[in-house]
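K.L.:
Below, each chain spelled out in residue letters.
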Amino acid sequence: MDILDFTRQVNALLYRVQKKDKAALQLLYELTSGKLLGLVTRIVRDEAEAEDVLQEIFIKIWQQAVQCSEQASAWAWLCVMARNSSLDRLRKIQQHPHISTDEDEGLINLLIQDVDSENNIALNRCLYTLKEQTRKSVLLSYLHGYSHNELSQAMSVPLGTMKAWIRRGLQELKLCLEA
Amino acid sequence: MSGSMRYRNPVIYSHLASQYVIGVMTPRVRARVEALRTLVPELDTAIISWSEDLAPMHAHLPEKAPLPATWDRIDAQITGPATKRKNKTVWWDSLRFWRLTGAGATLTSFALALMLWIAPLQLQNPTSLISGSPSYVAVMSPSMTGLDGEKEKVDIRFVVNVYQKTETAPSQLFVQWSERQPRTSQASMHLWAKDIETGELTYVGAEPSGAEPWKLTKAAWGAVANSSDLFFTADRNKPTEQNTLFTGPCIQLGGWNQNVI
Chain A
1 MDILDFTRQV NALLYRVQKK DKAALQLLYE LTSGKLLGLV TRIVRDEAEA
51 EDVLQEIFIK IWQQAVQCSE QASAWAWLCV MARNSSLDRL RKIQQHPHIS
101 TDEDEGLINL LIQDVDSENN IALNRCLYTL KEQTRKSVLL SYLHGYSHNE
151 LSQAMSVPLG TMKAWIRRGL QELKLCLEA
Chain B
1 MSGSMRYRNP VIYSHLASQY VIGVMTPRVR ARVEALRTLV PELDTAIISW
51 SEDLAPMHAH LPEKAPLPAT WDRIDAQITG PATKRKNKTV WWDSLRFWRL
101 TGAGATLTSF ALALMLWIAP LQLQNPTSLI SGSPSYVAVM SPSMTGLDGE
151 KEKVDIRFVV NVYQKTETAP SQLFVQWSER QPRTSQASMH LWAKDIETGE
201 LTYVGAEPSG AEPWKLTKAA WGAVANSSDL FFTADRNKPT EQNTLFTGPC
251 IQLGGWNQNV I
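The listed protein sequences correspond, in order, to chains A and B. Heads up: the first sequence begins at 1 in the numbering used here, then just goes up one per residue. Heads up: the second sequence begins at 1 in the numbering used here, then just goes up one per residue.
Misleading hints may appear alongside valid ones.
Stated by the list, open to error - With a straight-line cut-off of 25 Å between C-alpha atoms, the simulated BS3-like cross-links for lysine-lysine are: (1) A/K22 to B/K238; (2) A/K174 to A/K163; (3) A/K60 to B/K218; (4) B/K215 to A/K92; (5) A/K92 to B/K165; (6) A/K131 to A/K163.
In case anyone wonders, no lab produced these hints; they're calculated from the structure.
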């Protein structure tokens, strides 16, 4: 299933969930839970905590589906909710493993394997226009939920430098995507 | 430039949106941005735009199959009475605990906060050495024990009012008991505050005896000000199911004319 079909299905199912269609919630779970659990696990790292967060996310989806703006795609809304829930849980358990910057190279390679989606090509082309340190900082922050402090310590740069890398990286990414 | 106008600056709202979506904000700042986006359409649009730009990444990264029991638990929660979950975390982190304690207590605390604004607080030992209205309020209920089979009912026993220091007096904390259920035990209780961001528990102090006002040190004030919940225990030890007497959410009171932003 390509990304466009996927997002269309998620949109359609969330619309039904907004009408309190429980069967639609289950279908949405079957369609997205694997990807969302992957997202959550990359941040939380603990499998048991990740399952707990996934459960919380779908309860929130059931309760708050009407809050998804008509302007936004349902998948984007789910991702933001999943990331926020994961970050909250991460802070609660207050643990973060040693940062491995090798892993993001593997993730970048995975991102460029699928060349069918126009969106994906654009995003990855733009990621590669960033300087290596900037790209690593942005991805470690976004995919793994590392804070500015954690990244500045792991990459041995001042906090201000790390914040500037991420800020500049996001600005460049945005300009590239809009081009 | 007024508060909300500042956030209509494209540079500012674009920056806020990117920081929000990438997830580097603290929970408190994130909550403010979530409130702000309902008032500033440009910010809301920017957040949606950033979310759309980055979300495709997750659709292509490795998936992880959830355990079969996870859907069963979700199904049970949305279709019937809450089933007992295996509590892998400390008891006060149980979702069920806060659903029961927080829902009714939070609504009641807002009602009480409204009453405090309308009617001046009457103190047993009124003093001009406190500011006009409390900065923080907490509504306290008996700690729930034995979740199995117990009738779950919110039971408000007293309210905690916390006043910021004035020019002539330190920060102070007052406990006001319900008229319908007056205090039965005069033993001093110990107060703990749970940090809103980290969840850590900080000891605030022991209830002073007699008519002594409960003065707060700077550190104690900070612990209460940054708390999401307060716990009263029977002894100096950290809150547990056994020693916790009362718990409740702690909220910061704003002025009637204060802007959200």
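K.L.:
Which numbered hints does this structure break?
P.N.:
Hints 1, 3, 4, 5 are the ones this structure does not satisfy, whereas the remaining hints hold.
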